[in-house]
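In the working numbering, the protein residues as written are 51 to 361.
These are calculated hints, taken from the structure and not from any lab test.
Predicted, not measured: the structure shown is a model, and the values here were computed from it.
All C-beta atoms, glycine included, are put in the ideal place defined by N, C-alpha and C.
Take the hints with a grain of salt, since some may be wrong.
[Unchecked claim] The calculated label-pair distances, taken between Cβ atoms and stated as ranges, are: (1) Glu187 x Gly261: 19 to 25 Å; (2) Gly344 x Ala83: 42 to 48 Å; (3) Ala167 x Arg293: 20 to 26 Å; (4) Thr172 x Asp68: 28 to 34 Å; (5) Arg293 x Gly326: 38 to 44 Å; (6) Pro87 x Glu292: 32 to 38 Å.
[Stated by the list, open to error] Subject to a maximum C-alpha distance of 25 Å in a straight line, what follows is the list of computed DMTMM-like cross-link-like pairs (lysine to aspartate or glutamate): (7) Lys175 x Glu309; (8) Lys70 x Glu205; (9) Lys70 x Glu187; (10) Lys175 x Glu218; (11) Lys175 x Glu189; (12) Lys175 x Glu187; (13) Lys70 x Glu308; (14) Lys70 x Glu309; (15) Lys175 x Asp153; (16) Lys175 x Asp101; (17) Lys175 x Asp149; (18) Lys70 x Glu218; (19) Lys175 x Asp151; (20) Lys70 x Asp149; (21) Lys70 x Glu315; (22) Lys70 x Glu292.
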Amino acid sequence: MTIEEREPEKFGNAHKADFKSIYNQPDPRAYFAALTPLGYQIPQRALPVVDRVVALSSTTRDADVATTADDDNDVEPDVVKVLDVCCSYGINAALLRHDVDLDGLARHYASTPRLSAAEQTTADKRFFASLPRRRSEVEVVGLDSAPGAVSYAVETGLLAAGFAEDLEVSEPSPALRAALREVSVVVCTGGVGYVSATTFGRAAACVRDAGRRLWVVSFVLRVFSFEGIAARLAEEHGLVTERVRGAVFRQRRFVSGEERTAAVEDVRRRGLDEGGLEADGWFWAECWVTRPRGAEARMDDVLGSVGVLRV
Numbered sequence: 051m052t053i054e055e056r057e058p059e060k061f062g063n064a065h066k067a068d069f070k071s072i073y074n075q076p077d078p079r080a081y082f083a084a085l086t087p088l089g090y091q092i093p094q095r096a097l098p099v100v101d102r103v104v105a106l107s108s109t110t111r112d113a114d115v116a117t118t119a120d121d122d123n124d125v126e127p128d129v130v131k132v133l134d135v136c137c138s139y140g141i142n143a144a145l146l147r148h149d150v151d152l153d154g155l156a157r158h159y160a161s162t163p164r165l166s167a168a169e170q171t172t173a174d175k176r177f178f179a180s181l182p183r184r185r186s187e188v189e190v191v192g193l194d195s196a197p198g199a200v201s202y203a204v205e206t207g208l209l210a211a212g213f214a215e216d217l218e219v220s221e222p223s224p225a226l227r228a229a230l231r232e233v234s235v236v237v238c239t240g241g242v243g244y245v246s247a248t249t250f251g252r253a254a255a256c257v258r259d260a261g262r263r264l265w266v267v268s269f270v271l272r273v274f275s276f277e278g279i280a281a282r283l284a285e286e287h288g289l290v291t292e293r294v295r296g297a298v299f300r301q302r303r304f305v306s307g308e309e310r311t312a313a314v315e316d317v318r319r320r321g322l323d324e325g326g327l328e329a330d331g332w333f334w335a336e337c338w339v340t341r342p343r344g345a346e347a348r349m350d351d352v353l354g355s356v357g358v359l360r361v
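Please construct the entire structure, taking both the sequences and the accompanying hints into account.
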């Protein structure tokens with residue numbers, strides 16, 4: 051499930067565009083056909099920061115592996131396991147693991163309108179297998195309540211494993227618990243506000259020794275708050291969360307004046323200034339990075355050479 055599929059608990063506006071129909075298809079063609087004209091771009095904008103957090107996570111992951119490798123045969127020191135919360139069709143996994151960008155994916159999916167869903171999935175499996183790998187050490191596990199999207203991402207090889215579960219309403223299955231045990235990084239590029247601290251808390255509880263090894267990077271629309279999630283991760287695991295100050299990231303254009311007005315009202319309600327951002331016709335997101343308390347990482351270090359301010 052991605053950002054528009056669930057009615058958000060605290061988004062009180064009736065004019066939010068409804069994209070529910072595109073999030074549980076057997077392949078992503080409808081997803082890209084609907085969102086590409088709106089300039090949807092947050093997965094691409096987020097990628098440099100996600101790359102940086104994956105790299106920083108090795109400082110805590112390697113130490114954790116060293117202390118557990120002798121008595122835990124499941125530890126794989128050369129693999130970075132990432133959980134994508136609200137993974138949808140595996141778009142984040144495609145960008146993270148393969149040499150392709152979001153525009154390239156949009157062109158690919160627009161080029162095969164006559165294929166059946168089964169033919170599309172088979173073709174896409176070949177397509178992704180043919181691409182150079184940009185991060186061969188990364189293995190992505192997907193979590194989303196949309197079974198069609200998750201199935202596609204697994205069948206095409208974008209996800210090492212995928213789980214169509216809703217942690218807002220139920221505890222993780224035994225299989226999901228096992229898959230999350232060695233996760234080092236959690237990524238979310240659009241689900242906050244539609245999934246809450248409940249999902250993040252239940253997922254983090256599955257991670258072995260989360261307080262010493264888990265990093266979370268979340269891109270959160272400014273109409274929503276991340277504070278409740280940060281508080282739960284701190285209370286239950288001692289994790290430290292900071293907002294990347296001075297950096298905001300485009301998500302997509304508004305589909306209507308009503309949607310723009312609603313977003314501006316929500317941003318103002320949170321005490322934020324919409325000038326030059328939502329007022330100019332776009333949803334914008336902030337980046338929040340959660341890390342183990344003992345990890346040495348200032349937000350300037352998190353950005354490193356990424357150099358993002360307003361993108």
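Cross-check of the supplied hints:
no., hint, result
1, Glu187 x Gly261: 19 to 25 Å, "23 Å, holds"
2, Gly344 x Ala83: 42 to 48 Å, "46 Å, holds"
3, Ala167 x Arg293: 20 to 26 Å, "40 Å, violated"
4, Thr172 x Asp68: 28 to 34 Å, "31 Å, holds"
5, Arg293 x Gly326: 38 to 44 Å, "18 Å, violated"
6, Pro87 x Glu292: 32 to 38 Å, "35 Å, holds"
7, Lys175 x Glu309, "36 Å, violated"
8, Lys70 x Glu205, "22 Å, holds"
9, Lys70 x Glu187, "33 Å, violated"
10, Lys175 x Glu218, "31 Å, violated"
11, Lys175 x Glu189, "16 Å, holds"
12, Lys175 x Glu187, "19 Å, holds"
13, Lys70 x Glu308, "18 Å, holds"
14, Lys70 x Glu309, "16 Å, holds"
15, Lys175 x Asp153, "18 Å, holds"
16, Lys175 x Asp101, "24 Å, holds"
17, Lys175 x Asp149, "15 Å, holds"
18, Lys70 x Glu218, "18 Å, holds"
19, Lys175 x Asp151, "17 Å, holds"
20, Lys70 x Asp149, "29 Å, violated"
21, Lys70 x Glu315, "23 Å, holds"
22, Lys70 x Glu292, "31 Å, violated"
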